[in-house]
Amino acid sequence: MSKFTGVWAIFEYLDETTETIEQIRKQGVQPTVITPCPKHEIDHALGEPTSLVPWIALAFGALGCFIGYSFPAWSASDWVLPVSGKPIVAIPPFTIIGFELTILFTTIFTLLGLFLLGFIDSLRFPIPKGAKKYRRFQRDRFGVVVRCDEAKLEEFESIMKKNGAEEVHVEKE
Amino acid sequence: MGTTAEYNASAGRVVIDEHRGHPGIKATTLDYGQINDEMLAMLDKPNPSYYLLLLGFLMALGLGVLSFAVQVDVGIGFSGISHPIAWGFYITNFVFWIGIGHAGTLISAVFYLTRAPWRTAIYRSAEAMTVFAVFTAGLFPLVHIGRPWLAFWLIPYPNERMLWVNFKSPLLWDVFAVTTYMSVSIMFFLLGLIPDLAILRDEAARRGKKLKALIYAPMALAWRGTNHQWVHYMRGYLIFAACATPLVFSVHSIVSWDFAMSSVPGWHTTIFAPYFVAGAIFSGLSMVLTVLIPMRAVFGLQDYITNHVIQSVAKMIIFTSLIVGYAYATEFFIGYYSGSPFERAIFYYRPFGEMQSWTLLGDNQISFPQIAFWLMVFCNVIAPIPLWRWKIRNNPLAVWIIAALVNVGMWFERFNIIGSSLQHEYDPASWGEYWPTIVETGVTIGSFGFFFTLFTLFAKSLPPMAIMELKEGANPPLKHAEKKDTNE
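In order, the protein sequences belong to chains R and G. Here my numbering is used: the first residue of the first sequence is 1, the next is one more, and so on. Here my numbering is used: the first residue of the second sequence is 1, the next is one more, and so on.
Calculated directly from the structure, the hints in this document are not laboratory data. Remember, predicted model here, so these are calculated numbers, not experimental data. It is possible that some hints are incorrect.
[As the list claims (entries may be wrong)] Per label pair, the in silico range of CB-to-CB distance:
no., chain 1, residue 1, chain 2, residue 2, range
1, G, Leu54, R, Arg25, 14 to 22 Å
2, G, Tyr51, R, Ser70, 28 to 36 Å
3, G, His268, R, Asp78, 50 to 58 Å
4, G, Arg389, R, Gly130, 40 to 48 Å
5, R, Asp78, G, Leu53, 50 to 58 Å
[Said to hold, decoys possible] Simulated pairs of lysine-lysine, DSBU-like, Cα-Cα distance not exceeding 30 Å:
no., chain 1, residue 1, chain 2, residue 2
6, R, Lys172, R, Lys161
7, R, Lys133, G, Lys391
8, R, Lys129, G, Lys315
Heads up, the beta-carbon is just placed ideally off N, CA and C, and yes, glycines get one too.
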């Protein structure tokens, strides 16, 4: 994890950060941005990134719905309790279990999914130790991290400096 | 937007134009760092009165634990629950607390989807209330069943009795609804907390408080605030809100079916689901105000939980009060119009007692459901009427008194529904009278102690407002805009 080659910088202003992101993206590199809160401006500059979380939610919601109907149906058939000639496998009452398990599965796997995807992304797009130890990203500063070859370090460093970065750190393996 | 909320140096605070209904809060005029500082100041060491308050709540909780211990030792017969009244205070408390637990998810999920900006200041506390209220509610079926150590029989699992639970029973629907609601509420609450816990971790480290940083670090789950984390987080949050919204409406509907699916007069009615949901939101929002108005005074949060926020919640209370009042009237009309003598009898019994006298002031003895009925009507229908006036809505003390009365009224509404119908079912030979015993009263007081103890601990250990969302609503730091301001 400590092997990181690239440039990372600290910005005070949002507009400078978005400007930097756009210029870095023009060089064909997708930076990682650290912000104290989600901002639409950052998403626009990054080219509207998408997430797989809704697909995970949909898949596991469907699984929950299936279990919510099939399990009561199976257990009602496993030990039959006839009541007043009413159907043994009754859809309306099982709809309630189906609904609840759909919601339960959707939410549980959404939570797990977003953590898992976040973890995978942290491996795919590592950020340097120095940026992790910088304590003002959760307070009032914006961070831009670029992973690149040694040959391009200077270029990205100059982009960041030109756009008013408070600090620029160049790191080599 | 920002022009109506301005910092007045002489007043030493942000002045917000309430008349123009500006939803803005102080955070809109602060920078990100100041928001962190203001929110973290709320978690400073509490003063002695905090401990005194906590002690009071712990004593109430202790009374509840003691009462429950006595009941376990002597047996469920020590409570007032007996034939024909099988559901007494405990189920009343269960329904009441589940209802209280509705406001948090309503505020955090429904108002998130509808983009109501005033929710930001109160949704974290309301969500915590939901979690604690559902915890409290969840205790009551266990207390009620008499042998709580056998509660696991409610869960479908392969067992040596080769039996499965009855999925056609509303009581089992309730088990699934309440456990799902509890799980989703807890997850939603924790999800919202993660970025704030990362703030607490980094601020503690920045200020050299190593132990605090060490405690908050695992709780923050390696949150760094990268764009990759935010994109998954925001999508996930939206899905949570979308799932929690129908769940809010389903939970109390399913609780109402515990009653409506039976054939008991006064319960067997199709109006119950919307009637219970409206009542739940009504009581939940009232509890939010009952707790937050004193909290706002103690922490000096007038610039965050502004009068506008209180007014917005008060308007929701008026709206749900009207629905609840309409439901009361409909119940009586249907009782009359159905032509069923049993329905007519129960709806005579609820306000007037036994059918032995012609007048209200006759010689009939007052029963507990009668007291409950009139308290219910006064607190839920009449007491909220003054909220129609702007002056009353703009007076936090008046709103607090009304909200507290609504809480009382909603508790008695639950009791009125449960107690009266069971006392007077079909056959007069099996009619009975219910009065709670000391253990039931003790456990009921204990439940309030449990809820308020948890909330008091929460208010000083986790940020009672969502720092991340306050920042989201604040003006972002812009170099260009700043230059323009200084030039002016």
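Look at the Cβ atoms of G:His268 and R:Asp78 and judge whether their distance stays inside 50 to 58 Å. Since G:His268 and R:Asp78 have Cβ atoms about 31 Å apart, the given range 50 to 58 Å is violated.
With the threshold set at 30 Å, check whether the alpha-carbon distance from R:Lys129 to G:Lys315 stays at or below it. Violated, at roughly 50 Å.
Verify the CB-CB distance for G:Arg389 and R:Gly130 against the hinted window 40 to 48 Å. 59 Å, violated
Supplied distance hint 50 to 58 Å, evaluated on CB atoms of R:Asp78 and G:Leu53: 53 Å, holds
Honestly, do G:Tyr51 and R:Ser70 meet the 28 to 36 Å range at C-beta? About 53 Å separates the Cβ atoms of G:Tyr51 and R:Ser70, which means 28 to 36 Å is violated.
G:Leu54 versus R:Arg25 beta-carbon gap, inside 14 to 22 Å or not: 53 Å, violated
Taking 30 Å as the top limit, are the C-alpha atoms of R:Lys172 and R:Lys161 close enough? Within the cut-off at roughly 18 Å; holds.
Checking one constraint from the list: CA of R:Lys133 to CA of G:Lys391, max 30 Å. Satisfied? Violated: R:Lys133 and G:Lys391 sit about 51 Å apart, past 30 Å.
Checked against the numbered hints above, the structure violates hints 1, 2, 3, 4, 7, 8; every other hint is satisfied.
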